[in-house]
Amino acid sequence: MILLGPLRAAVRTASWFAALGEPLTDGDLADARIYVDVQGVDRVTSWAEADAFLKSPTASLDWWNHEEAQRKELLAEAGKRHPERALWTALSELTSETGDFVHGKAATAAARAGNVVPASVHVAAGAAAQAVYQLAVARLAAREASPFESKFRLFAAGRWPLGVAGSRLVLF
Amino acid sequence: MTDLVVKTVEELKDAPEEYREAVSKLVISHAINELYGAQVFDEPAIAYAPTPYAKWLTCRVAMEEYGHHVRFKGLGTEIGIPEARMMPGEGKKPLSIFEFPLKTWEEFVAIKLLADLAEILQVEDLLHCTFHPLRNLARATMPEERFHAQFGEDFSAELVKTPEGKARLQAAVNEYWPYLPKFFGGSKSRNNEIFRKWKIKQRTNDEMREDFVKRATEVAAKYGLTLPEVRQAA
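So the protein sequences, as listed, match chains A and B.
Reading the first sequence from the start, the letters are residues 7 to 178 in the working numbering.
Reading the second sequence from the start, the letters are residues 9 to 242 in the working numbering.
Worth double-checking, as some hints may not be accurate.
In silico DSS-like pairs for lysine-lysine, Cα to Cα no more than 25 Å straight-line [claimed, not checked]:
| # | chain 1 | residue 1 | chain 2 | residue 2 |
| --- | --- | --- | --- | --- |
| 1 | B | Lys222 | A | Lys61 |
| 2 | B | Lys111 | B | Lys21 |
| 3 | B | Lys190 | A | Lys61 |
| 4 | B | Lys111 | A | Lys61 |
| 5 | B | Lys111 | B | Lys15 |
| 6 | B | Lys15 | A | Lys78 |
| 7 | B | Lys222 | B | Lys174 |
| 8 | B | Lys207 | B | Lys15 |
| 9 | B | Lys207 | B | Lys111 |
| 10 | B | Lys21 | B | Lys33 |
| 11 | B | Lys190 | B | Lys169 |
| 12 | B | Lys230 | A | Lys61 |
| 13 | B | Lys169 | B | Lys111 |
It is worth saying that the hints were derived from the structure and are not from the lab.
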């Protein structure tokens with residue numbers, strides 16, 4: 007875990023899911039524009055609305071595939087910089103630890119909101135843990151200006167970037 | 009039947025060799041099969057998932073399955089099992105189902121619906137284990153295994169809404185079901201006899217297999233699916 011110490015600390019201090027549905031701030035909008043070069047940001051205000059978006063054809067898989075391509079490129083770069091065993095051990099341990107931690111935070115947020123389907127908590131935890139993993143790969147690849155930095159900042163500020171619809175980022 | 013209870017990893021050192029060997033075999037088996045499951049099914053399934061909702065849910069499921077491997081491997085390390093014995097490639101072969109790479113979303117849903125039900129039965133049989141660290145690990149794993157099986161049910165419900173989806177899911181069930189009753193081992197298993205002697209496990213392989221087939225038939229019927237006939241292992 008020496009390789010990812012600062013990120014591990016940032017995971018523990020982030021305000022996971024604490025601002026879901028709240029009005030967007032200038033800081034949120036600034037990070038959103040750095041994360042995705044879009045024309046605007048749409049706000050989702052409830053877990054039910056978030057679920058509906060994520061299941062709908064409006065939620066672009068192109069954006070998902072774009073991030074996957076970036077992740078694979080960064081992972082290949084990270085693989086050149088670090089011994090294989092150290093790389094996979096660091097990523098596996100971070101992911102295992104993060105998954106349970108953010109799941110607890112998502113469950114807390116869902117409990118406060120009330121009437122949230124249990125599966126939605128898992129979806130939120132999956133999204134958050136994936137964001138941490140993506141940032142970990144970017145940092146291991148020494149890519150300082152990766153969009154995964156601003157994606158993580160949105161999560162750390164209590165938001166959940168749901169994806170891209172057309173030319174707009176959808177933020178919970 | 010012997011009523012030995014081993015409450016800690018420390019106490020295991022003083023348990024009979026047959027007991028220690030039996031515990032090690034189970035921990036190795038779970039550590040290897042959880043990792044194979046995550047690598048062969050759960051992680052590749054993310055790419056096949058049809059929506060961001062399904063992708064992130066599958067991400068979480070994959071992480072939990074990796075987490076199960078990490079937990080069993082962690083217990084194995086505590087009781088002195090070399091790490092290499094709990095990883096693919098050394099010694100124990102994985103279950104035969106893992107030799108067939110995932111090809112479709114429907115295959116993954118069928119696996120979650122039925123194979124994770126088999127996993128639930130295996131974990132259930134450890135809930136009263138006389139080796140308490142393994143019992144506790146089983147208890148920690150159970151809520152997640154139940155969620156994974158529920159994942160299978162929820163997406164099965166989605167798929168069977170259309171005739172095409174139901175046909176694809178039934179085809180996947182037909183392909184994978186024949187491997188699943190074998191999860192529970194042979195009828196005359198010496199390992200199972202030892203597990204039950206020491207109350208590490210509770211039931212015979214045949215009892216578990218029979219229960220599994222009954223429960224799988226019920227859950228499949230909920231979604232209008234049928235299970236193909238399979239000749240049981242000896």
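Checklist entry - Hey, B:Lys207 versus B:Lys15, does the alpha-carbon distance stay inside 25 Å? => result The given pair, whose Cα atoms are some 13 Å apart, holds under the 25 Å limit.
Checklist entry - Holds or violated: B:Lys111 with B:Lys21, Cα cutoff 25 Å? => result violated, 45 Å
Next on the checklist: Check the hint pairing B:Lys190 with B:Lys169 against an upper bound of 25 Å on the C-alpha distance.
Outcome noted: violated, 31 Å
Next on the checklist: Holds or violated: B:Lys207 and B:Lys111, Cα atoms, limit 25 Å.
Outcome noted: Not OK: B:Lys207 and B:Lys111 at ~40 Å, beyond 25 Å, violated.
Next on the checklist: Can you confirm whether the C-alpha distance between B:Lys230 and A:Lys61 stays at or below 25 Å?
Outcome noted: Holds, at roughly 23 Å.
Item to check | 25 Å Cα cutoff - pair B:Lys21, B:Lys33 | outcome: holds, 16 Å
Next on the checklist: Holds or violated: B:Lys15 and A:Lys78, Cα atoms, limit 25 Å.
Outcome noted: violated, 45 Å
Checklist entry - Does the alpha-carbon distance linking B:Lys222 and B:Lys174 stay inside the 25 Å limit? => result OK: B:Lys222 and B:Lys174 at ~21 Å, within 25 Å.
Checklist entry - Given the hinted pair B:Lys111 and A:Lys61, is their alpha-carbon gap at most 25 Å? => result Between B:Lys111 and A:Lys61 the Cα gap is close to 22 Å, so the pair holds against 25 Å.
Item to check | Restraint check for B:Lys169 with B:Lys111, where alpha carbons must lie at most 25 Å apart | outcome: Given pair B:Lys169, B:Lys111 holds - Cα atoms ~21 Å apart, limit 25 Å.
Checklist entry - Taking 25 Å as the top limit, are the C-alpha atoms of B:Lys190 and A:Lys61 close enough? => result violated, 36 Å
Checklist entry - Is the straight-line distance between the alpha-carbon of B:Lys222 and that of A:Lys61 25 Å or less? => result violated, 33 Å
In this structure, the hints that do not hold are numbers 1, 2, 3, 5, 6, 9 and 11, in rising order.
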